[in-house]
Every structure is written in C-alpha cells, then in structure tokens.
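S.K.: With the hints as a guide, bring the two chains together.
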Amino acid sequence: MAVPPRVRQTSDPMSPVPEPTDDELMSAYARGDASAFERLYARHQAGLYRFIRRLLGTSLAAQTDEIFQDTWLRVVNARQQWEPQGASFRTWLYTLANHRVIDIWRRSGREVSMSTDDDSPWEPDAGGAAWQQWPAPASPSPHSDDLAFWRRAGERLLGCLEELPLAQRSAFLLHHDDELPLAEVARTLEVGFETAKTRLRYAMSKLRTCMGAYLAPIQGGAQ
Amino acid sequence: MTDQERDAHLREALRHAPDAQVQPPPSLSALILSEARAKARDTTAPARPARHPLLALWDWFARPSVAAGFAGLMAATLVGVMWWDQPMNEALPQRPAPATAPAETAPSVATPPVAPPAASAPEAAPKQAPAAEAERRAPEPPRDALRKSAPAADKAAFASAKPAAPSPAPAPAAPAARNEVAVDAKADVAPPVRESTAITALSLPPPVVPAPATTPTAPADAMAGAAAGGLAASKSADESESKRARSVVTRAMRSEAAPQVELSEQRVQQDVARTSLVRLRAAIAGDPTHWTWQRGDGSAQGMNDAIYAWLAQLDSATGSRWQPRAARETGALLGRELRLLRDGRLEHSLRLTEHGVLWEQAQSAWQAELPAATITPLRSALDTAAP
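These protein sequences, in sequence, are chains E and G.
For the first sequence, the positions run 1 to 223 when the working numbering is used.
For the second sequence, the positions run 224 to 610 when the working numbering is used.
So that you can see chain G by itself, here it is in the shape it has in the complex (with noise of 0.2 angstroms):
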C-alpha cells in the first residue's frame, strides 16, 4: 500500500460525514489563544531590551540598600554642615562650677554707673536678658588663645575696677582669672537647645515683649517719680553674670589673639537692639491698648500714633548704631524722657541726648551714637508727639 493508494471511497464519505464541519467552541479557542499570549509574554519579559543608562541607574537607587546608604550619607553631611566651625560641646570636659563667692560678685569694667545695688542681684528672674544671650552665643575666639589671654587680661581688668567696686573681698588675681575662665565654660558647655533659641530671637523677632513678670514689681508712681533707678533696680543678677561672661570676651578680644570676635560681638549686640526695638513697636502696634506713655512728671497718657510714629523714627535712625550701654557718660540730656508703661508698668525710657539716644529697659540698657543732624528733629518730632 502506498499514499496514493488511499480508498478514495471512504475518503469521500468521511468528507461528508455529519461531523466534517465540527469546529471547537469559539469560547475553548478564545481560552487557548489567551493562555498562549500570556506564555508570550512571558516568554518575551526577561528578553527585554537594555534599558536606558539613566533609567537603570534610577533603578539602583530604587534599591532599598543603595537608598538607605545614602540617606545616612546626606544625613551626616547635614550634621556635618550644621557642626561647621563649631566646638563639640559635649566632647569637651566639664570643669568644675566656682564655688567662692567673691568671684561670683567681682565687678567688670562692663559695669553701667547706674548698676544696682550688689543686694538686688540674688532676687533677679532667671530670665537672661537677649543681649547675654546673645553674647553668650557669639563666635568664640579660639580656645586656646582665649587661656593664654585670660590670666593677664583678667589681672589688668581686676586692678582697673578695684576701685570702683564695692567687693566686700578683694580677691587674688589668680583665682578671679580662673573663676571667668570657668564662667566662660560654663557658657561654652551649654545645651544647644538655648543657641538654637538664640538664633530664632536673632533671626526674626517675634511680636511680643519681654513679659513683664521677670522684672521686679514696682508701684508705677514710684516708677514714675525715679524712672532711672527703677529701671536700674530691675536688671538682673542674670546681667551681671552674662557682663561677666562677656568681659571674658571682651578682654580676650582686647588681646591680640581676636580682633574678629570683637566685630562678630558688636555685630550680635547691634542685632540684639535693633530686634529689641522692632518688638516694642510690633508689641504696641498689636495692643496698643495696654500701653501708656509718661514725660517726666507728667501723667501716664494713651498711646497713639504720633508716639509710634516717633518710635518708628527712632528705629530709622538708629538703625545698627545700638551698643550695649557703657560706663561713661554720653553727654547732658535733652528735654525730658520718654517712658513706656504697659498696663502702669515701666518697661522702656528713651532718653536723647546730645551724643545720641539712650535706651533703658527692665533688663538691659543701650545706648545709640547719632549725628547731631539725626538728634534734633528727632527732638523736634518728641516734643510734637509727646508735648
């Protein structure tokens, strides 16, 4: 038998046989060619090609190992960027807090001459006024050369305000010079906490004041009657320590080792003042309410908008001119202060005089140097807006 020998007869009746025409249900093939297409596809999937350099690259960094080694590479860069030029605090040793009291009460020659009574320093508020802070958070000189400069720059100044001082004990120049020194790590070592505070009140004041409940309480007529002393009363032990800390400074800045920290100091202050007075006139202008004005022994008056417009004047003029308040005398007064009560509280004298402005609060005192051509209509303008 051969191929062509097949029997044409059966052939033909197979042809036509009732199942010749039978197809596979359409939804059986529809379920075959699916299944196919989806091993296609499967099959096609791990032959694909290259992709794209920067999208492979994309897909390394999407792996969890790769992302996460980088993320605590930008995390220590961060830290390390924030920690630039910075003393490592908490790296450094603690030494020992002075115990002798005579040192804690030694004068400087920071000292105002209207500084309080030595006895008022125990009962200030713990509250440290902007302008220590400030200090306390200015670019240090360098370490090493601030404890070479300490001892002969503290012998100087402990022989030049002997005089003036009412220190019960003298006390040796030796263990004064190691007190500040200690003082000034002990401003060193603090939390960071307190810098990052002193950052924000630097960077953009907020618009409140001070409160008022960290300044000694007073009767408001005695206040008004002996502004000066009031206001000399209020300040602070806190000032006194934070002069300390900064005559530290300062005579270390007197050294040769740092003319910079002496700039970046005056720099701090100026901000410190400048912020200061931006506060008032944001406080008054927010509750003006609350707010009194008072010219010597006139009555306390309501606020209104020639006084601040006067305050907004001032603050012009002034500018960054503002120095923390110091020792000598800036000339005779002229015409009467300005005092700015809140709620029958002295909390601001504003004093012109003939060298420029002095400006006294509850925990602080600055004084600004102004050209006699910037004096005069602001006197002008104080007599017009509080007569």
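Isolated chain E, as found in the complex (with noise of 0.2 angstroms):
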C-alpha cells in the first residue's frame, strides 16, 4: 500500500526558493492573492477531510462533505481577520473543523462529554504486552503479509475509534495521524495542555486494549 505522500509545511533545505508557510501563504490570500489559497488547499486538504470523516465516525460519515465545505468557507469568509499571530494557520483550521464535528454531533444526540473526568481512569498500557508480538512499523519496504496485517490492523483501528469519546478520538487524531504537537493539539482543542495530554493517554490506552483484544485473531488469520 502506497503510503500517501504528506505536504510539509517547513521547506526543503535542498530547494533555492523556500516554501512560503501556511501563514504567508494565507496572508497572501487575504490581500487577494487566490493561487495562495489553492495552495493552502492543497496542502490541506486531504489531511482535513480524513480528520472530519475519522472524527465523525460511520454513522455521521454523510456529514463529512458538508463540514468540510463549511469549514473552507468559514476560512475564506474570515480571510480579513485572520492575523499570523497565536496559533498557526493549520491549529485554526482544525479548530474550525472541530467545532463543526461538535456542532453535528450534538445535533445528532449523541453526548458530546469534554470532561475526562466523567471518563473511567486511565490505566497505562492495560494490554501492552500485546503489542510486543505486533510487526515492526514504518518498515521503508515492508513484506507483503506485515502489509496484510497493517490493512487489518487499520480497519480494526478504526472500529476501536468508534468506542471513544469525541475529546479523546479528536485528541488522538490530531496527534498521531495530522502529528500536531501537543501543544498544538491543546490549542486546537481549546483546552490546556495537561487536558490534551490526558485526553490522548486515555486514548491510547483505550486503543491498545481495543487492539490488543484482537490481536490474536489478526495474527492468526495473517500467518
């Protein structure tokens, strides 16, 4: 499986002319520069919309085109207010998708609980010794049963996303698949930074014991 090429936002040391950066980029469009704005879109947009499709899960997946559309516009309508200063251009624009996510679920009654209290407590590594047996990641040529694997491994992830709450899947989202920093993930999410972090262990400890359940099959079935 090809893995998707992912749009950098720091410049290639190699290349003479630097990549301008999302905040130029949309600094630019402000002033009315448009080729700016495709290029942001370009840069983002594949990363969006798999951040809105994940986040709403399967039962709200219709919802995902409609968010995504309002997201963009919201940028384009708010390009005149937008100042390069606090958070990146890439932090609002997730935020902004965020607060649509949370708009559609709550229309949908679905609890939308943003309190990691009202969460069971978190207890690291709960099936960790499972993930010991799992292939090696990032392998640069992986073999073709560990691709098998990882494709199984990816649906049933998935499945286990469903079972968080939205903080935490939002948390965990941002962090590992769009590889927000932290800080960048409490910004995003509108919380403190200790929030978010504990937000994203809950999430990880409920992924690991999902995942860990399953293993046994998954690797039966691959080898």
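Don't take every hint at face value.
Short derived list, chain G residues pointing at chain E, Cβ under 7 angstroms [said to hold, decoys possible]: (1) ALA240; (2) ASP242; (3) GLN246; (4) SER250; (5) LEU251; (6) ALA253; (7) ILE255; (8) ALA259; (9) PRO287; (10) ARG568; (11) ARG602; (12) ALA604; (13) ASP606; (14) ALA608.
Simulated from the structure, these hints should not be mistaken for lab results.
C-beta atoms are modelled at their ideal positions from N, C-alpha and C, and glycine is treated no differently.
M.R.: Quick look at the structure:
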C-alpha cells in the first residue's frame, strides 16, 4: 500500500526558493491572491477531510462533505480578520473543523463529554504485552504479509476509534494522524496542555486495549 | 508523554486504514476554490490601482449631475449665440397699433410709378412679398438712432411725397411719423417663426414658384393686352405696407445714423431677387408643360429650351444687380417684352431697356442695371429664342 504523501509546511533545504509557510500564504490570500489559497488548499485538503471523516465515524460519515466545505468557506470569509499571531493556520483550520463536528455530533443527539473526569480512570498499557508481538512499524519495504496485517489492523483501529469519546478521539487523531504537537493539539481543542495530554493518554490506552483484544485473531489470520 | 512517544503501532495502523487515501470529491474542491477566487476578486477590487487621469476625468463627466450641468451650459451657450446682437423682441414693450386711416394709406417716396390705384389695396392677398419680408428681416439700425432720426426724416419724406400722393387728406407730419415708427415697431415684434421663414427663403430657394392663388385673378387675354397694368393691379396692399416700412428704414438709412443698414438692405434685396429668378427657372424646369411664353401681341407658345437658356443667360448677366424697381424711368424699351404665363395666367414680365432689365411679377418689381455690352447679346438672344 502506497503511503500518501504528506505535505510539509517546512521548506525543503535543498530547494533554492523556500516554500512559503501557511501563514504567509494565508496573508497573501487575505490581500487577494487566489493562488495562495489554492496552495493552502492543496496542502491541507486531504488531511482535513480525513480528520473530519474519522472524527464523525461511520454513522455520521455522510456529513463529511458538508463540514469540510463549511470549514473552508469559513476560512474564506474570515480571511480579512485572520492574523498570523498566536495559533498557526493549521491549528485554526482544525479548530474550525472540530467545532463543526461537535455541532453535528450534538445535533445528532449524541453526548459530547468534554471532561476527562467523566471517563473511566486511565490505566496505562492495559494490553501493552500484546504489542510486542506485532510486526515492526514504519518498515521502508514492508513484506506482503506485513501489509496485510497492517491493513487489517487499520480496519480494526477505525472500529476501535468509534468506541472513544469525541474529545479523546480528536486528540488522538490530531496527534497521531495529523502529527500535531501536543501543544498544538491543546490549542486546537481549546483546552489546556495537561487536559490534552490526559485525553491523549486515555485514548491511546483504550485503543491499545481494543487492538490487543483482537491481536490474537489477526495474527492467527495473517500467519 | 512527549511528541516522540507517539505510538508507532497505532500510527502505522492509521496509515494503512481503508480511509487513508480518501480525498474530497473534485466537485466539492472546485466549488470551494471558485468561491475562494470570487472572494479574492472582491478583495482586490477596492484596491485597484489609480486610473489614468483622463479616464478619471471621463468618469467625472459621466456623473449625472455633472453631465446635466454641462448640458445646461451648452444649451445656454447655443441660445446666446443664436440671439447674439439681436434684440429680444419679446422683452420690448408693445406699442399700440395705429388706428388712423390716413396714416395707413400714406404713400412713400418708394412707390413705383406703375403703382395700382389705392382702391385695390384692401383686396390684396395677405401673403407678403419676398422683398418685403426680407426688408423686414434685415438687420436693423440701432433703435435709438431710428427714434431720433425718424421725426425729421419723416417730415422730409412726407413733404416730398405730398405732390404725387393721391392721399384723400394730408395728415400732419407728426402723427404720420408716429404711425410709421409704430409700423416699424410692429415689424420688430414679428414672431421668430416668420424670421426663420425669411432665413430659409434667402438661404436655399425651394423649387417651387410662389402660389398663383395669391395674385388677383384676371383673364389671360386681358392680361396679354395690358400686361403692365395687370401686373400692377396684382400688387397687393401688403406691398404698400412693406414699402412703407421700407421707407422708414430708408429714411433712417439716409440719416447719418446707419449707413451699414443701407448696405445690408441692398444685399438682402439682391439676394431675394436672385433667389426669385432661380426659383422661376427651377419651376419652369420642373414642370415646363404648365408654362408658356408670349411676346407683344403674339399668341402664347409652349416653353422651350431656348427660352429656358435665355433665362439662364439673364440670370448669369444680372447676378446680384437686382434692385427694387425705383420710381424713375429706366430708359426706353428695347423690343418687345417677354411674358411668362403659368396655366394661362400671367406670372412674370421681363423687359429689356436701354439701361438694363425690368422684371415684374405678381407681388414685386425689380430692375437690374446692365452695361450696354451685356444688354445687346441679351436682346439678340431673346429675339432668337422668342421671335
């Protein structure tokens, strides 16, 4: 399985012309440069769409397009008020999407718990022993058997994500899928750093437990 | 937990999830990008660079308020140019019209010797002769000069006209002068429409002859026998009125006040006569079947090219030498006169004299003094064309 290319905000050191940052592009768009917005969109459209889709889950996946479009249109309409101070553009973009997902989630009648206290106490690495039997991740040329294993693991992980509360789900996705630093995660979710950290630990613990419960059948099927 | 403590296994599982390659629909992307471009255009519109100064000036002129102002200014300028050096007749006080009959029928020195009896004046058609109209439209002398010179000039004119005038009762000089000035004032307050008519007649002659219905009707045979008397009888009282007005102008011209008025009046009269001859030729050329010619006691004959060519020769020879026919005799007649009839009715009479040519028509009489070198070929050509 081909790994989707990740667009980096940082510039290539070998490139003679450094890539403009997200903030520079957004500033250019605020001055009327439409091409700057196109470059911004190209950078973030895939990651944002995937984030919204996974955050909504399978039951609300039909709302993905609506939230995705609404998020970008909010960016377009708020271009004059945006200032490259404080949070980065990516943080702002994902914050807008997260707000819209929460709205949809509440509209659908689901409970949105933003407090980690309501959740069960976190027990670190409840199923940590099972991970030691998984193939090594991030192999440059994974074996075909390993590819099949990770695909099934990915399917299983999406199922496990459905079991997480929205706050923990968003923290995990931002940190693991979109590779936001923990501080950025906290800004995106508009919570404190420790809160974000706690949510992330809860999410990882639950996911490891969830994934470890299925480890034996997956391994048995793969081997 | 630090950023480096991300769970590598979970990340790898996420990377291989079935939705890892998911992309927004292309139509959705196109919609978002088009909206963004439209908003970008809106953003750049107010920050448009400064336009060229001429374009900015044009935009300023295109504003409704500015355009309306300039239109009003242009209209005022146009009206001002049209009335330049012209008295505002509507602004002048109206003078009461003269009511005394003797003043109305008072003759003037400009009355031709073949003038009709005074009894025919009331029966005249109301249509004005071109010469009279032209005189009425002629540039006028300064009003103050006219008023100052009018009493003295009128006294002299009245005294000189008294012996020859068939006036029923000689009127005092002062009332006559007042009446003639009043006639002048009436000519001044003529509506602008009539002025425009005179201007049109002077500028381009229409290819039609004056309406014959305005002339006193008389049998063609009788007119053939006494052409001069018939033509004289056809002159209307309008002519006498116009001549009276002309006499006022003439007296004013004789005074020291307005020598330029005399020149202008002469120019107008010449133009009117020349225009009338051109119109006569155009009328004959346009409808030759209605025209006949007659010489002496001979019978009327159809119009031919020779007569038309002679008229052209006459027009070329006289040019702008036409003058209103004066009272004095212009010399003995040379040969027979040429009469031009339309539908059997006498319209024009042309006579060559020792000093030039006499032209009488229904409402006016003209003369043009010509050198002998010009008269001789005209006479021979006329004898050849109309033997």
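S.K.: A separate judgement is required for each hint: does it hold in the structure or not?
M.R.: Status of each hint after checking the structure:
no.: 1; hint: ALA240; verdict: holds, 3 angstroms
no.: 2; hint: ASP242; verdict: holds, 6 angstroms
no.: 3; hint: GLN246; verdict: holds, 6 angstroms
no.: 4; hint: SER250; verdict: violated, 10 angstroms
no.: 5; hint: LEU251; verdict: holds, 6 angstroms
no.: 6; hint: ALA253; verdict: violated, 11 angstroms
no.: 7; hint: ILE255; verdict: holds, 5 angstroms
no.: 8; hint: ALA259; verdict: holds, 5 angstroms
no.: 9; hint: PRO287; verdict: violated, 31 angstroms
no.: 10; hint: ARG568; verdict: violated, 88 angstroms
no.: 11; hint: ARG602; verdict: violated, 94 angstroms
no.: 12; hint: ALA604; verdict: violated, 89 angstroms
no.: 13; hint: ASP606; verdict: violated, 96 angstroms
no.: 14; hint: ALA608; verdict: violated, 90 angstroms
In terms of the numbered hints stated before, the structure departs from hints 4, 6, 9, 10, 11, 12, 13 and 14, listed from lowest to highest.
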